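Undergrad: Fit chains A, F and V to the known structure of chain B by using the hints.
The residues making up each chain are set out below.
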Amino acid sequence: MASLITCPHCGVRPKEEFAIRGDASLVRPAPTASDEAWHDYVYVRTNPRGRTLEHWQHVAGCRRFLVVERDTFTHDVHSVTDGAAFARENGR
Amino acid sequence: MRYSAFSIVKNALSGNLKWKPQWRQAEPKSHYDVIIVGGGGHGLATAYYLAKEFGVKNVAVLEKGYLGSGNVGRNTTIVRSNYMLPGNEPFYEFSMKLWEGLERELNYNVMLSQRGVIMLYHNDGQRDAYIRRGNAMWMEGVAAELIERDQLKKMIPFLNYDHARYPILGGLLQRRAGTARHDAVAWGYARGADRHGVDIIEHCEVTAIRRENGVVSGVETTKGFIGCGKLALAAAGNSSRVSEMADLKLPIESHVLQAFVTEGLKPCIDHVIVYGGGHFYISQSDKGGLVFGAEIDGYTSYAQRGNLATAEHVMEEGVTMIPGLSRVRVLRSWAGVMDMSMDGSPIIDRTPIDNLYLNCGWCYGGFKATPASGYCFAHLIAKNDTHPVARFLRLDRFARGYAVDEAGAGPQPNLH
Amino acid sequence: MIRDYYNRNALDEKLRGAPRPPGVNHLAIGHRQAVAMVLAVAGEEDSVESLLSSATDFAVRFSAPGEWLVVSENDTPEGLQRRLNALCSGRAHIVDQSEARVLFRLSGPATRRILAKGIGLDLHPTALATGASANALCGHISVNLARTGEDTFELIAPRSLAQSLFDDLMTMGREYDLTAAFAA
Amino acid sequence: MTAYRLTTGGLVDRSRALSFSFDGRPLRGFAGDTLASALMANDQLLVGRSFKYHRPRGIVSAGPSEPNALVTIGSDGRSDPNTKATVTELYAGLTARSQNRWPSLGFDIGAMTDPFSPFLGAGFYYKTFMWPARLWEKLYEPLIRRAGGLGRVVLERDPESYEKSWAHCDLLVVGGGPTGLMAALTAARAGLRVILADEDFRLGGSLLSETQAVDGAPAYVFADRVVAELQALPNVTLLPRTTVFGWYDDNVFGAVERVQKHVAEPLAKLPTERVWRIVARRALLATGAEERPLVFGGNDRPGVMMAGALRTYANRYGVAAGRSVAIFTNGSAGYQAARDLHAKGIAIAAIVDSRAAAEDAAPEGTRVIRSASVVDTKGHRRVSGIVVERSGFEELVACDAVGMSGGWSPVVHLACQRGAKPVWSDQLSAFVAPDVGGGLRVAGSANGVYTLSGCLSDGAAKASAIASELGLKPAQDVLPQTGEEADPSFTALWYVPGAKSKAFVDFQNDVHAKDLGLALREGFGHVEHAKRYTTSGMATDQGKLSNINAVGILAGMRGVSPADVGTTTFRPFYTPVSFGALAGTARDKHAAPIRKSPLHEWARKNGAAFVEAGLWYRSAWFPRAGEKAWRESVDREVLNVRANVGICDVSTLGKIELFGPDAAEFLNRLYCNALLKLPVGKARYGLMLREDGFVYDDGTVSRLAEEHFLVTTTTAMAGGVMSHMEYCSQVLWPDLKVRFCSVSDQWAQIAIAGPKARSVLQQLVEDDISDEAFPFLAAGAVTLKGGLKARLFRISFSGELALELAVPAGFGMAVADQLMDVGRAFDICAYGVEALNVLRLEKGLPTHAEFDGRVTPDDAGLGRMVSPHKTDFIGKHLSSRYGLTAADRMQLVGLKPVDREKDIRAGAHLLREGMKPSTLNDQGWVSSACFSPVLGHHIALAFLKSGRERYGERIVVWDKLREQEAVAEVCDPVFVDPENARMKA
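If you read the protein sequences in the order shown, they are chains B, A, F and V.
Under my numbering, the first residue of the first sequence is numbered 4, with each subsequent residue one higher.
Under my numbering, the first residue of the second sequence is numbered 728, with each subsequent residue one higher.
Under my numbering, the first residue of the third sequence is numbered 6, with each subsequent residue one higher.
Under my numbering, the first residue of the fourth sequence is numbered 97, with each subsequent residue one higher.
The hints are simulated quantities; they were obtained by calculation from the structure and are not laboratory data.
Since the structure is predicted, the reported quantities are computational estimates derived from the model, not experimental observations.
Keep in mind that a hint or two might mislead.
[What the hints assert, rightly or not] Pairs of lysine to any residue, SDA-like flavour, derived with a Cα cap of 25 Å: (1) A:Lys993 to V:Phe215; (2) V:Lys685 to F:Leu16; (3) A:Lys880 to A:His849; (4) A:Lys737 to V:Trp227.
This is chain B alone, in the form it adopts within the complex (with noise of 0.2 Å):
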């Protein structure tokens, strides 16, 4: 994983052609959410050591947000998917 990353769109891409957002798995929060919800969407994570959901931008590919499926220990990468649809299928 921290070598390669294979974009949906674009093929097998060096780490170097990423730039990485952070925790995917978080979910805006609806304006009207409480502080401590918005709170915690900002500032608070689950850190896992072991599978993680990360968003890493492919800028110098197609510059989609890749939700990439991943383990934080072993570093293997489990899948990775566009970020939108990622979105879509989540509820966004």
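TA: For chains A, F and V alone, kept in the frame of chain B given last:
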């Protein structure tokens, strides 16, 4: 056994057979007043000050690996107190002062070497930001110097004055800053804590935190249950994993930071030099190796290893700052797992769970903070009250809107 | 009182002076071509793609899902804009990029070895077929890379970075005596 | 007592003599020599001094594990310190110097520390030098530093170049010995894309030192044949002189090729070294095995070498280490060496075998002493004899070289670089590679298969399996024939008891067996602690020879198996790699790409001084004849803009075009101010927050059509804002129908500012741009006379009447030239970003000097921009937190020095008059400052606690760093034209 030149001679004459272990291999008791999770620099320093300064002697330090196997043994050994924000500067200066007395305090030579840390600037905006920082240091009574280009050329002639991108215009110098021998810090605190009665228990991993009526009562470990009055977490790199055992989520991501050392060389670099055109920093150890590093790899990771792209980028910055490094060979790279917090600053605080105390979020800055972190954490645990220099480093600062954001990068940990 | 303005190529400084004869490995810089970014309207990505691929007199380069760079050697920028607007008829937004991009055409037997010094993609024909294109990093610069033949590739780079990319390519090609000139 | 060149034999080219020098002494070797073999041929066995005790040290190995034979090659900017002579290919004109000795290699003052070694045991420095404190940095530490280190680096500019390259393959074979060659051949014949990398300059590995025949020919001939076939195959890349140094995630390997390290006159068009990043579907480690030294008294005396190295020097290089060689062994390899040396006519003084019984055949007439060990060596700078102990009796055996053979350790470094630890094998008495999955396999000696025939077949078999996995059919080739082979067994011997002098474990770092004992006594028995406390394994060889013995000794002392001790962590780099190679071409001015504005040449032609701003070069000011200081130019430019007109290149601002029915809604959520109802043909200032409520960036938003917008960003944040917009559109609001694209490079943008701006521009523009037709904040398409299509925006960053004209980038220079031409009648000038900065400061407009990531809109005096009506925008919710709205926040104010002669500079802090400086008393800081030529004194923007309530207050501007202090009056940040009359004229 007190360490001195005399003890060395005396022992040598008896074949060096009478040296004793620097700390006992303790077996856990059933209960401690305070259990500290994490036998790294911060955990050991906390134990030492608890026992020595705050009279709390029934203390255990639990370490899942060998003592000092975390970040205290894998960093670039830099010690400095050149921060800008009022939330940070008093804390790091407190730490710096403790460093300056640490060898006598511990009777252990941690080889504090106040060689000076100089941070280079490359444009007017950066210069102004460093001036702001230098003045903030002076406000706290910490000497800082602005070194302009001509003076810098005399001081450090081998920098890339003519071809660097970005141009080297000057630097902010803290002469009292420098380096220390990282492993020795862990060992010295361990020996000191041990001498004050602290039990240091290596290869003892915490597997669960036991709570009764919402109050922490002890920990399950690979060596069985151990009860405690107070539980203190000092497991930076793995803070989220440990706190999760108490259902506590943190404003932290774990990131991997690489560091490097070259082959041994005769003395060539006196200062700790920080390249502001990127993130590169370098110093020379007493053994002769050039120790250097730069930015984190950028993704969350618990693996103590980095990737080649980042390493290459580090070297690009290195030869750009010091062209003469080109033929110097890099011997080894290693990586540590950083608690990257949401504002780049640490957390020393109580938690919403009674008797559970938290020391985490050290980002890149953990090593230099070791003495103050231990002292302030011990203060908090013993007195249940925040030490004044750590009063801005609270867990609820994000909810209240008081982030201590030295980089001004906002709530994205990999930007700090 | 005011007339035609001179249009200056981003590499005018680099390629000023008497042109050297092209070597076996050669870098040709597109002097004038029309380039447009085609942004498909949401939901029209597939139809725009098929419309674009139906046209034969310009090259279509993949940029991102629903986004393509179209390169025409014959049209003026305005002409290409008009043609694409007519072709896509509301299914896509057309943004003129003729002045924003510089076209680098590399040819010769060592092309792959030269490009491998900057580009992480596998350039073997089994991995990157003729006609394939995508954005990629070349050194530190993001380009659109297209394979136009066994040993010919085109790179489309942002104008502001063109001189830097040119220097990089010439350094990469030094081993193989790469020559450079404006395209005829 | 000499090392010498054998009269015949070896793979060196005796017809090509090469002259070189060592410590100034001219010497000769042959093509095909390493520096080490050539030094030995000249009887130069003493090559260096050890790290701590400065003991004389000689060549130990014939490869990359060498701990002792480190030299500095070359001079000045071409110096390579710490170069292993054992892997340095000899070339004509090579100059080598010994290291870590003063005044000379033969007589080294530093060696005076040796008798004091009992006081200098492991970790002694942690226990002393603490008193008096100030002596540490003044005396003790400088002494330690001077004594330590190895080679000297000159820190001069390196005249040579480096580069990088990517490579992709189906199979990467690491190691070009019998295993690797067979593997590569099998895979290549099956049709795989193969890369074979080997650190040696000649492919063949152990085949080059082998006396066995393969397929009826000498082993090296077999190697040459395989290499020739591989070379001819189009699907094979051979990389000799290439060390694979690291194994990274996703089966990516780092390798360094020494392209021109072995030539005296490097070609300019080739790099000196090249780093390969190899993406391999599969990789095969055929890295062989390392022979272990034996830890016995005096084992560091020059002349004591690895038995296998003696063999390599004799067979491959035709060099003998001595005339009478003693062998100390615990296995068959020692006998093999003895047989080979004997066959070359070198006398074998004795074979000392630690085992009681062994089947191995000694050369005829050789004395074999079984159940015996070497407990000491004699000699000064060169071994002259060994003390052999057997059943309590000691005997001195004269010899002039010693070959030691302690068994074998598979080289599995790469397989252990990604977290998996090597696994102990009782059967092999060695650590072997962990199972790391299918991507990386291990074959041959690296896999514990030590016979030649075994290596050939293992290499072929592993490659066949890989080919099948990748869907190709490997041919069933007949394996090459080899002869009878000896059983390669040994009986582990970690430490030879009864040492009469220091028994070294780590030669280079001077760690001897007693140091490990001390470490254990002091509680540093964990293998990582022992390493860190004693520094064993931390030298430039990274413990390639020493680590295994240290583990064995610790295991013995702790009474456990080496399996329980385990190894320290393997990490890149397998052997050290230069900064230059890893940096490649991205250095100096090429460290980052250079971005140039389409008006760069125009600015250059007009004499601009440039400043690097991020990747951009921007025109900073335009000096004219007679102007001596930059301030003169800037003041003139500012005054001219205020009085007449100036033009400035603002092309570097980020420009993004947006389309779609939801574009307005999208922008409305992105910016904190209201944008939904922005009319077509109008521009508006826009302020963008981060989700935490602090200002992210500012710029302008122009509505070009109902569903078509153009936004600008600051130069610094252009990339960030683009990514942020992409994040918002793709991740947060994927259903909004909006598309956008950067047009930053498409347009050259010129600001024309000053009271005469309109008059100048009207001469170029067809359209009516009068205030009525094109009022303040108008935005839209215009046509230049002659027909060029352009865009025009009536926005001002200077407080003057200003128009920003955007033309297609290629036309930028011509249009700017034209503006200067027609503007001459209006006293036009070019101005740069410095004047721009003064103009905006006079007008009180914040930039990123103010928006430092910790500033809210209200802090910057822009609170009214934040729309209270919008239900949502980025940053809305968290903006209302207590800390972001507290009354004592620092707010943007203006400052004027009370004494108008005083200057104020950015970075100063603020104090109440009479208050002592302290963090608690700190009132704020100066974000920007300049001399205002209009006002005739310095002005500044500053953040001051509750600043807007404090206009009129006197405040101390405290700049301790520069030893400056001034008293200033706090004022409104707008210094010029607060009514905006000029801007709207």
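Undergrad: State for each hint whether it applies.
TA: Tested hints:
no. : hint                 : in the structure
1   : A:Lys993 to V:Phe215 : 23 Å, holds
2   : V:Lys685 to F:Leu16  : 19 Å, holds
3   : A:Lys880 to A:His849 : 14 Å, holds
4   : A:Lys737 to V:Trp227 : 18 Å, holds
Checked against the numbered hints above, the structure violates none of them.
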